[in-house]
Structure formats: structure tokens, C-alpha cells
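Peer 1: Given two chains presented individually in distinct reference frames, assemble the corresponding complex, making use of the accompanying hints.
Protein chains in written order, with our numbering: chain P, 31 to 143; chain R, 82 to 195.
Some clues are possibly wrong.
[Unchecked claim] 35 Å max Cα-Cα, derived DSBU-like pairs, lysine-lysine:
#, chain 1, residue 1, chain 2, residue 2
1, R, Lys164, P, Lys84
2, P, Lys138, P, Lys101
3, P, Lys138, R, Lys95
4, R, Lys95, P, Lys135
5, P, Lys135, R, Lys90
6, R, Lys90, P, Lys98
Because the hints were derived from the structure by calculation, they are not lab data.
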Amino acid sequence: DQQVKQNSPSLSVQEGRISILNCDYTNSMFDYFLWYKKYPAEGPTFLISISSIKDKNEDGRFTVFLNKSAKHLSLHIVPSQPGDSAVYFCAASAGAGSYQLTFGKGTKLSVIP
Amino acid sequence: DGGITQSPKYLFRKEGQNVTLSCEQNLNHDAMYWYRQDPGQGLRLIYYSQIVNDFQKGDIAEGYSVSREKKESFPLTVTSAQKNPTAFYLCASSKGDRVTGELFFGEGSRLTVL
Chain P
31 DQQVKQNSPS LSVQEGRISI LNCDYTNSMF DYFLWYKKYP AEGPTFLISI
81 SSIKDKNEDG RFTVFLNKSA KHLSLHIVPS QPGDSAVYFC AASAGAGSYQ
131 LTFGKGTKLS VIP
Chain R
82 DGGITQSPKY LFRKEGQNVT LSCEQNLNHD AMYWYRQDPG QGLRLIYYSQ
132 IVNDFQKGDI AEGYSVSREK KESFPLTVTS AQKNPTAFYL CASSKGDRVT
182 GELFFGEGSR LTVL
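The following block holds chain R by itself, in its conformation from the complex (with noise of 0.2 Å):
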């Protein structure tokens, strides 16, 4: 089946710490995104990448970094710059037609910072 798949789905973390957070894609979709979602709030953008070796800011990129090196990857790194990375995290991907506007997204993953 096509999808997104993220991993891990809870993950916890002491302060200090980086973490990585995995998202795979095998929809062939040129863009991918991650958003982080907060209770009581909407989905902010922290990157979003339209091709391979290329990623561009969200709103809230500071403290996240990414890396798209192949079409169906885009991890996210929550590094210790992050000053309040408890949060759910959503992947996302979308063809590169940026028209529709329709993005497919993962389950999620939720970090817990201790």
C-alpha cells in the first residue's frame, strides 16, 4: 500500500538531547513536509522540501534541521536548540504540483521531552 510511515510513534527524550524522527514516502511525491502540532493549536510548518538536495524554512525552523537526500526520505532532527520540542509531529507529501494543495500525511510521532 502507498503511504507515509513515520517512526518511531512515541518517542521520549532528556533535555539535551537531539533526536531524529523518520518519515519514508513510496507515493513518488517530489515534496515533502513536516509540521509539528501543539495542543489547542494548528499545524505549523518547520520545513518543507520540493526535491531531493533541496529544503527550504517553514514559520518555526528554528531548533529543526532536515535532510533530503533521497526522493522517498526526510528526516527531521529536533536538536537541543529547540526550546519546546514536546510536541506531535506530522509528515507529510505531496506531488509537485502545488495547485491542489492536498497533502497526504503520516500517523504522526509524539516526543516527550523529560
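Looking at chain P on its own, in the form it has when it is part of the complex (with noise of 0.2 Å):
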């Protein structure tokens, strides 16, 4: 039973375009959630993470939103850049005292320049 589903495998996008990555969420506990960035044969990098008090974060051309009546949440790059071009990783946390995170699959993103 997959808690975090991340449904499109890949995803290519014009460099200077807006890319976006969409995740979704089965449980309700679900309160932190965060994007990791992985290039090939390297350990994942954060990225973004957002609060489920809150429906919107923002960091330089990273953008993620959280709909949490839809148990959706989504990351906007803009402008995208060849250098995005990397496996990225939803991921979720539920209460402040846990200590797991359940990751998706992972979408992999390619920039076209």
C-alpha cells in the first residue's frame, strides 16, 4: 500500500519553461512533507518542505503547494534549467515525534535546452 505516489515515472520540459511535480498522499497524518533531488549515484539532496499549516512555500525558482483537502501537493520550477535535471523525490512525515519519512518513486525530470 503506497502512503506517498508520485504517478508520472518521467517528465521533460523546454529549459526557461515551468516544470511541475505532482505527488499525492494517502494518510491523513501526514503533516511535513518535502521534495529531494537525486542525480544518478548520489544520495538525495533537500530541497523544499512545507508544513501542513501552511498551503505555500517559496525558495528562489523552487515553489511548492499543498492541497490538503485533495491530499496533493505539487513543485513548481521556474525558469527550469538543464541543471534540474535529476530524479526528484516526494516525501512525508506524520507528527513531530516521528521519525520516518515515506518517500514516492520518485519523477524523473528532464530539461531540454
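Peer 2: If you want it as C-alpha cells, here you go:
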């Protein structure tokens, strides 16, 4: 039973355009959400996060939107750059006392120059 | 530089052999984790440790063992009981405060069983 779903295995976007990566979750106990970026043969690196008390968090070119009623979040990258080409993982955490993150399967983003 | 060091980067093992993956961090983080990644899959939690001399099973702990004798070190042993050990293994750490959930990952160890 997958609690965090990234239904698009891959996405291709032209350089300079917007990239939108989507994530759905089923566990209503999740209250903190994170995006990680991963290059091949490397460990993931933290990108941006959002608490369930917010519906938007922005950091430079990256913005995460959270729709709690739909149990859906999205990561927007504007403008997309070739260096953004990587696998993006959505992750969720349930409660301040939880040490466990549940990850989605990832979406491979390719930004075409 | 502060960070997490995993070794070896590549490891080959014959069936029936145990193998230990090393993970060291100098970030002074209290919590450490082991994740496994398979092709086309998300990261799945094997074990985690909140403090020294304490650890808990994650979602897929069967066939694995860990120890946490020092704050800096969290080695993972893949035993012969693990049915499908070939995978990419990632070690991570975080500050004790889990509110943010941010993990810092090592570069990973790729284990191949021959």
C-alpha cells in the first residue's frame, strides 16, 4: 500500500519553461512534506519542505503547493534549467515525534536546452 | 567538511555471505538511518537510530542488522537471510529535532550479489 504516490515516472520540459511535479498521499496523519532531488549514483539532497499549516512555500525558483483537502502537493520550478535534470522524490512525515519519512517512487525530470 | 561518508561505494558478495556497509557522519547529528533503493522504487527505510545504543526497525528490516555504539557511526550488516540484497543502500542523518524531517544523505553503496 503506497502512501505517497508520484504517478508520473518522467517529465520533459523545455529550458526556461515551468516544471510541475505532482505528488499524492493517502495518510491523513502526514503533516510535513519534503522534496528531495537526486542525481545518478549520489544520495538525495533536500530541496524544499512545507508544513501542513501552510499551503505554499517558496524558495527562489522552487515553490511547493499543498492542497490538504485533495491530499495533493506539487513542486513548481520556474524557470527550469538543464541542471535541474534529476529524479525528484516527494516525502512525507507524520507528527513531530516521528523519525520516519515515507518516500514516493520519484519523477525523473529532463530539462531540454 | 561536514557530511556523511559511506563505504564501500561498490560491493560484490556471493550468496550466503554477510556483508557490512559502513556509515560515518561528522555532523553531530543524533539520528541516523538506512534506506534501500531499488530501480523505479522510492526509498524504503530499513533501520533508524535516534540516539546511541538505540535503534528501531523500519519497513523492511528483515535480513538486516545494525548497531549504534558511537554517535558518529551506524553500520548496516546485510545478512544471508536477506532474500534480495542487490540494491543501492543510502545512509542518512538528521538533527534530533524531527519536526522538519530534513535528512542528509551519503552518496550510497551499491551492493551486488553474484
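Peer 1: Each hint should be assessed against the structure and marked as holding or not.
Peer 2: Going through the hints against the structure:
Simply put, R/Lys164 and P/Lys84 have alpha-carbon atoms about 42 Å apart, too far for the 35 Å limit, and the pair is violated. Of the pairs offered as hints, the one joining P/Lys138 and P/Lys101 holds, with about 22 Å between alpha carbons and a cut-off of 35 Å not exceeded. The hinted pair formed by P/Lys138 and R/Lys95 meets the criterion: a straight-line CA distance of about 32 Å does not exceed 35 Å. For the hint pairing R/Lys95 with P/Lys135, the CA-to-CA distance comes to about 29 Å; that is within 35 Å, so the pair holds.
As the CA atoms of P/Lys135 and R/Lys90 are separated by approximately 23 Å, the hinted pair is consistent with the 35 Å bound. Straight-line distance between C-alpha atoms of R/Lys90 and P/Lys98 comes to about 40 Å, which puts the hinted pair past the 35 Å bound.
Going through the hint list in order, the structure does not satisfy hints 1, 6.
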